[in-house]
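Protein chains in written order, with the working numbering: chain A, 1 to 276; chain B, 1 to 276; chain C, 1 to 276; chain D, 1 to 276; chain E, 1 to 276; chain F, 1 to 276; chain G, 1 to 276.
Careful, some of the hints might be misleading.
Said to hold, decoys possible - Dumping the calculated EDC-like pairs for lysine to aspartate or glutamate here, alpha-carbon to alpha-carbon at most 20 Å:
#1 B:Lys254 / B:Glu204
#2 G:Lys236 / F:Asp138
#3 C:Lys254 / D:Asp189
#4 E:Lys251 / F:Asp190
#5 C:Lys137 / B:Asp138
#6 E:Lys137 / D:Asp138
#7 B:Lys137 / A:Asp155
#8 F:Lys236 / F:Asp182
#9 B:Lys238 / A:Asp155
#10 F:Lys254 / F:Asp182
#11 G:Lys251 / A:Asp217
#12 A:Lys251 / B:Asp182
#13 G:Lys274 / D:Glu263
#14 D:Lys274 / B:Asp189
#15 F:Lys236 / E:Glu165
Stated by the list, open to error - Listed next, the stretches of chain E that the computed footprint assigns to chain D, with coverage defined by at least 3 CB atoms under 8 Å from CB atoms of chain D:
#16 116–128
#17 166–180
#18 212–222
#19 234–242
Please keep in mind that the hints were generated in silico from the structure rather than gathered at the bench. Note that the Cβ used here is the ideal one computed from N, Cα and C, for glycine as well.
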Amino acid sequence: MLDWIETIDWTNLMIDIGKVTLKLIAIIIVYFIVKSIGKRAIIRLFNRKGNEMSTGRSKTLQSITLNIFTYFLMFIFIGIVLSLFNFDITTLIAGAGILGLAIGFGAQGLVSDVVTGFFILLEQQIDVGDYVTVAGKDGIVEEVGLRTTKIRGFDGTLHYVPNREITNVSNHSRGNMRALIDIGISYNDDIDHAIKVMQQVCDEVAANDENIMEGPDVLGVQAFGSSDVVIRVIGKTKNGEQFGVERTLRKAIKEALDQNGIEIPYPHQVNINKES
Amino acid sequence: MLDWIETIDWTNLMIDIGKVTLKLIAIIIVYFIVKSIGKRAIIRLFNRKGNEMSTGRSKTLQSITLNIFTYFLMFIFIGIVLSLFNFDITTLIAGAGILGLAIGFGAQGLVSDVVTGFFILLEQQIDVGDYVTVAGKDGIVEEVGLRTTKIRGFDGTLHYVPNREITNVSNHSRGNMRALIDIGISYNDDIDHAIKVMQQVCDEVAANDENIMEGPDVLGVQAFGSSDVVIRVIGKTKNGEQFGVERTLRKAIKEALDQNGIEIPYPHQVNINKES
Amino acid sequence: MLDWIETIDWTNLMIDIGKVTLKLIAIIIVYFIVKSIGKRAIIRLFNRKGNEMSTGRSKTLQSITLNIFTYFLMFIFIGIVLSLFNFDITTLIAGAGILGLAIGFGAQGLVSDVVTGFFILLEQQIDVGDYVTVAGKDGIVEEVGLRTTKIRGFDGTLHYVPNREITNVSNHSRGNMRALIDIGISYNDDIDHAIKVMQQVCDEVAANDENIMEGPDVLGVQAFGSSDVVIRVIGKTKNGEQFGVERTLRKAIKEALDQNGIEIPYPHQVNINKES
Amino acid sequence: MLDWIETIDWTNLMIDIGKVTLKLIAIIIVYFIVKSIGKRAIIRLFNRKGNEMSTGRSKTLQSITLNIFTYFLMFIFIGIVLSLFNFDITTLIAGAGILGLAIGFGAQGLVSDVVTGFFILLEQQIDVGDYVTVAGKDGIVEEVGLRTTKIRGFDGTLHYVPNREITNVSNHSRGNMRALIDIGISYNDDIDHAIKVMQQVCDEVAANDENIMEGPDVLGVQAFGSSDVVIRVIGKTKNGEQFGVERTLRKAIKEALDQNGIEIPYPHQVNINKES
Amino acid sequence: MLDWIETIDWTNLMIDIGKVTLKLIAIIIVYFIVKSIGKRAIIRLFNRKGNEMSTGRSKTLQSITLNIFTYFLMFIFIGIVLSLFNFDITTLIAGAGILGLAIGFGAQGLVSDVVTGFFILLEQQIDVGDYVTVAGKDGIVEEVGLRTTKIRGFDGTLHYVPNREITNVSNHSRGNMRALIDIGISYNDDIDHAIKVMQQVCDEVAANDENIMEGPDVLGVQAFGSSDVVIRVIGKTKNGEQFGVERTLRKAIKEALDQNGIEIPYPHQVNINKES
Amino acid sequence: MLDWIETIDWTNLMIDIGKVTLKLIAIIIVYFIVKSIGKRAIIRLFNRKGNEMSTGRSKTLQSITLNIFTYFLMFIFIGIVLSLFNFDITTLIAGAGILGLAIGFGAQGLVSDVVTGFFILLEQQIDVGDYVTVAGKDGIVEEVGLRTTKIRGFDGTLHYVPNREITNVSNHSRGNMRALIDIGISYNDDIDHAIKVMQQVCDEVAANDENIMEGPDVLGVQAFGSSDVVIRVIGKTKNGEQFGVERTLRKAIKEALDQNGIEIPYPHQVNINKES
Amino acid sequence: MLDWIETIDWTNLMIDIGKVTLKLIAIIIVYFIVKSIGKRAIIRLFNRKGNEMSTGRSKTLQSITLNIFTYFLMFIFIGIVLSLFNFDITTLIAGAGILGLAIGFGAQGLVSDVVTGFFILLEQQIDVGDYVTVAGKDGIVEEVGLRTTKIRGFDGTLHYVPNREITNVSNHSRGNMRALIDIGISYNDDIDHAIKVMQQVCDEVAANDENIMEGPDVLGVQAFGSSDVVIRVIGKTKNGEQFGVERTLRKAIKEALDQNGIEIPYPHQVNINKES
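Use the sequences and the hints to build the structure in full.
This is the structure in structure tokens:
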């Protein structure tokens, strides 16, 4: 029954095995060289750029990059080795065919999360503690993960936003903010007088409030409302202080207008009476 | 008729069978090694991370991961074995071609559900009993499944949300919540006086209500309405108590304003009468 | 002209035929084994899970699964057999190429319908007679098919909803429902008194109506309207009875408020008259 | 110059031709068998199901199915025959490559139309003369084609809707329809009295109008409007008669309320006059 | 240096050339047969169906179809001929790879335009001079091209609509149109009297205006407005005359109501005066 | 060490080189023939059609077409030559695999821009100086490029619109434009009288303004407003003059109505006073 | 054990190695030639076009192009070399299969960013300091990167916009801007008089304000409001000065109208009083 063993072409088999062994050794050597070069390149990359970012962020990015690189290399290495022994990897992939397609789509979302997360970290678009608007959610950033970013809404809700959902990032914690107030005065009031009064108030408030960086200045007549002439005031404040400054300004202007007899008018209507 | 049997090249056939047998044995060995290593890796992974999560959740995740791993491995194993016997698996896949494509798309939705469900469980974005907003549905989570999440709306409706529909998760049961009240007072009232009265009420309410964690504080003039000056009050409460605290505050502030003769004004209009 | 017949290498042909025959037999055996195992597995699966669902639904699901399994297996079997005779199936598929692509897309919708329908049945998201909201359509479920779900709208319209359109299912027939009433009282009325009166009414109604399961309770001041103070009442009712209970409560509260001289106010406006 | 003809291996050529001929005959036989079986299966399918649908619709569906089947089979047959003569069909397809891709996408829309049209006919979702809402178009169905459905809008416009645009079908011609009327009565009127009067009217109208199938019944207080208490009346009518019945009911109820001195109130407003 | 020429196996070369020549001749013959049959089939198709459409349209469609058919055939013919000489066409296609993909997508839009345009012409959904609504554009059709349809908006704007943008076609020039008028009468007026007056007007107008095909009829009480009882009038007019008829009817009804003392009421409001 | 050189089968090598050389020459010849024919065809095409378009536009289109043709041919030529030397081009493409896929998608947008731009130029949908609405942007066209179209908004903003964003083109500079005015007159005015007065004004304006091409005509009662009867006036003007004509007409009609004592009414309201 | 070494066909091996070496040399030479030619072409391209753009922008674009070119070439070079040694690159790619697919999609977004960014820079659509509207974000451009564009909103928020999100670019810093003011005057005022007064104001303002480039001119009656006749004023200003000019004009016109007794009217209403 085992006669067939003798008939095997041992010579050819030996040559085959020899060739494969040589190739295998070559591959392993190449694998370690590539791995070593890649690792050093990644580390150098992050150390060179390390000055610009916090050490924590830098470390996170470096370890993530190393992980991705290592897994990817290993994956390819196994693929090549397997193909040497004629366990054709395409069969393996094809065997995973339909399933793989489906998983691929699932994984796509994951990869999309990670890629976006990577660039958000790299470009420092978001820091923990920033007040941001992403994917329609307002709030303070609690955590920037590779897959998910956690944002604490102002009503206390915790939003889990998958990074792939983050396209435009609006960061409200980068530099001075604007304070803007629109005040409607009566059509009967003298505009010049009102502007003078309001500018005086603005100057006083600015003198007493160190959160104000620029202005506030009265710009002039912004619009004609149906019952009021709208005057706009604009200033710059320290980051995060804009709402407080706006509240202070509103109160101060309201009181000054009252003292100067300038009216903030209610809606007006002209009634023409007919008897039916 | 059966003469052809003699003409078969039995030697080559034997060699073929021998080769295949050897390969088969190799594959089976590899299969069991990979399976064993994979299983241990998964179990260790969940035990290492097990501290941070409830045992139930951990168990669920571990068994799900094991299942997926086992089925996937078996699928590939069968594919490789079949390809040994030249029942070409690609034929099989191709044979399933059009049908497969269609099924693949169907399965894609399923996989998408499972992948998302897996991460929702892993990252603990949702727990049973949480008050959440997902996919435009508000309510209390009744069940987080691998494919579907059940949410009980506040009107009693049961929402079945496929996990793939869950992108942003807004979880209202994670930490203290904000109580916010906007009160409009008359343009004729003294703003300082009104703020003082309201702050007193807030302090009294806070003293008597243990659900209040911070404040509530009167922030100041939030806006100029068409007939009222809007004053904003903000505080922090225990999770889930924000609506009750808001109701208590509203009633208390209303009564205090009444006692102090501060008006919550109706809409105003200035009528200028002309006779037609 | 037929001399060429003699030149055929009959020996090789015989061997070829022999090989093919052996393979064919092997395939047929495998086919029947797989079919038998698969069938038993499916039946066992449904009998094990059968306790949780109605027998009718279980039967439906089982026969559907068996059908799909059988057709799929037969499809692959034919593919393999054809490939044995070198009627290359890929040619067949490729021959169907462009057409196939198009059909594939068409079939995709169908498969998507069936897959979704399968899970809706399996997870019992919808039963005939349920009041549901799916794909923007409100109504009573008349039929849940594999491809289409029929929903009878409340105005009598029959909606045919392809299952693939069903993502979120909102089922209003699962458990008790909420009755919610917002009543606006005058700014001049005593809130405490109004709440007391309304709570009395609620208790009386609850005592006389067995459809009410919990409450109804007066929660307190929900909002300040432009002309009224809004008081909210919430209760739980038997499923489907919420609208009736709400109507009963509305009438009872209205009458009680009238008797106690508490006003449900019309919109208010303050008119300041100027002569032009 | 033609010496090469002699050098041809006529024997092999003959064998080749013989083989091809045999295959060809085999294919043709298979073709006719498959065609015949398929045709019979289709015809039987439609005759078995024929009871449930009109003969015209059944005939239409049967001939469509036969056409599709025949063209498809012929397409594959030609593909296989061509491949026998080594005019490789994949070259043909590949040659059509870019063009084919583009056409495929175009054809996809067509196939999508036909598939959807087929199911609309099969499931009888739409009949000529039905009042339906599909793809945002309201109207009476004039024609259901395989590619396009024609709907006559109520303003006389003819809408050509490609079947692929038809997802949800809302058919308003399947069963009894609801008549719903909301009547607002004054806050000063006695609700019980109003309901009694309205119910009497409903009963009278129902007695005289054979288009009314159920009710109409006065349900009770549906809502508190800003100036009126809304009472809802609901009934069932024969299909298509709901608008007429609603008009009759509206007129009758209006007249009855007038006779009983129950007011349908105009918007109310409380004016508080201040002199400026 | 040219010794190698002698070593060529001239015999085999000759055979090869001979075979190729034979194949080439066969292909050319097939090409012309297919072309001839195809052309005749197309022409016959259009002549058979030619009765139903204008000769111009028929000619256009026939020449378009012939063009597409010829180009397509030539494309495949060149592909097959090239593959005979082993200038592998797939290389050519692959060489065009990335570029081809991109072009394919571009061409896809073009093909989509042409396919849709073809069916719009074939099914006569649009004729030059029709008043249509397609892709959100209202207007008169100026030209239906294979790629673009030109629509002249009523304000004089010329809209170029790519055919692929045309999904639903709403053609307002196919059959009689509806004239619909809603008239609000006072709550104090007698509904029966008003309906009688309006019906008389309708009958008079219909008698004098030959553009009116059906009605117009007074349907009854369509709705209760906040200040008026809405009466609906509906009629049918010749295509394109609906707006003129509506204007005539509006004027006539207004004048008749004035003469009969029936009021078209202004918005009403009940004012309850309080002194502050 | 170099013994192996002798063992080479020089004869076969020579034959191979000879064959390749022959093929190369053949390809080059074909290349130049195709290029020459293609160029001439393109030039002739543009000269034949050149009458209908400006020389500038024709030149632009011709040079673009020549460029695309030349690059495409060169691309294929290089591909075929490379494949002759067994530097398999598919390897090259595959080597570019993932990168290529990504670039392909990027290029797709570019190609889409160019294709759309080409047709916009060819069909003269847009000319520099036209007033158009494309992709939601209103304005005057400043430049139509192959990739981007520049539109100067009326507020001075310069919009860069990628051509792929241009689907529907609404060109407001093609032919006469409509002037449309809706005037509301009092319910108490005589409609016939008002129409007569307005028509007189229209005729006078038309007589004095050469920008008016047709009408303007008073159409009749367009609608019943809540306080006015709306009369519509329509005319045709030279392109671009519609806004000026509308302003002239509005002023003239207003003045004529004033002179004739016809009222353009303010909003009316009927007040029913109740004492609370 | 090592006997097999002797049995190797050293001659063939040598020939193989020789061939590979020759090919390798050829490839390397080609690589350097292509690289050198490509580099020069790119540099020449940017120097030729360099006049039109700032040197900084030109340098940036040149280095980006060189980088992309170099990486791409190196990628293909490695692929070809690897394929020489039969480490089949498709295996490598296939080995990366599923992962690669996912990464490809991720990279696609990146490439899309870079391609769009490249053209934005090349076509100078955006410069740092421009006031633009892109992707729904208004603001001043702070940085145009290859992947992300930073825009500083007017409220101080920093928007990070991925370039792929930038489709239409609306640049408000390219040329003169329009100042537009709509003023409503009373129906009782003389339109001619009002226009004369307003034109005088415009001329005076234009004389004193060097930011005004054209006009401003009073166009005439733009619309009939419910209570006012709307007069439109339009002018051209230096870029960025439009808002200031509008404010100046508004104030000046308001004051002039006041002096001339022309009324900017409040909303009007005709009240018809009925006693209930």
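Given the hint that Lys137 (chain C) pairs with Asp138 (chain B), test it: the Cα-Cα distance must not exceed 20 Å. holds (19 Å)
Are at least 3 residues of the segment 166–180 of chain E within less than 8 Å of chain D when you compare beta carbons? holds (count 12)
Hinted pair Lys137 (chain B) and Asp155 (chain A), Cα distance within 20 Å: Distance ~18 Å between Lys137 (chain B) and Asp155 (chain A) Cα, so the pair holds.
Tell me if the straight-line CA distance from Lys251 (chain G) to Asp217 (chain A) falls inside 20 Å. With Cα atoms ~17 Å apart, Lys251 (chain G) and Asp217 (chain A) stay inside 20 Å; holds.
Between the alpha carbons of Lys254 (chain C) and Asp189 (chain D), is the straight-line distance 20 Å or under? holds (11 Å)
Check whether the Cα positions of Lys236 (chain F) and Asp182 (chain F) lie no farther apart than 20 Å. holds (15 Å)
Is the hinted pair Lys254 (chain F) and Asp182 (chain F) satisfied, with a Cα-Cα distance of at most 20 Å? holds (12 Å)
If you count the residues of the segment 116–128 of chain E with a beta-carbon closer than 8 Å to a beta-carbon of chain D, do you get 3 or more? holds (count 4)
Between Lys238 (chain B) and Asp155 (chain A), is the straight-line Cα distance small enough, at 20 Å or below? holds (12 Å)
Given the proposed pairing of Lys274 (chain G) with Glu263 (chain D), does the C-alpha separation stay at or below 20 Å? holds (17 Å)
Sort out whether Asp190 (chain F) lies within 20 Å of Lys251 (chain E), counting only the CA atoms. holds (10 Å)
Is the hinted pair Lys236 (chain G) and Asp138 (chain F) satisfied, with a Cα-Cα distance of at most 20 Å? OK: Lys236 (chain G) and Asp138 (chain F) at ~18 Å, within 20 Å.
The structure does not agree with numbered hint 15 stated previously, though it agrees with all others.
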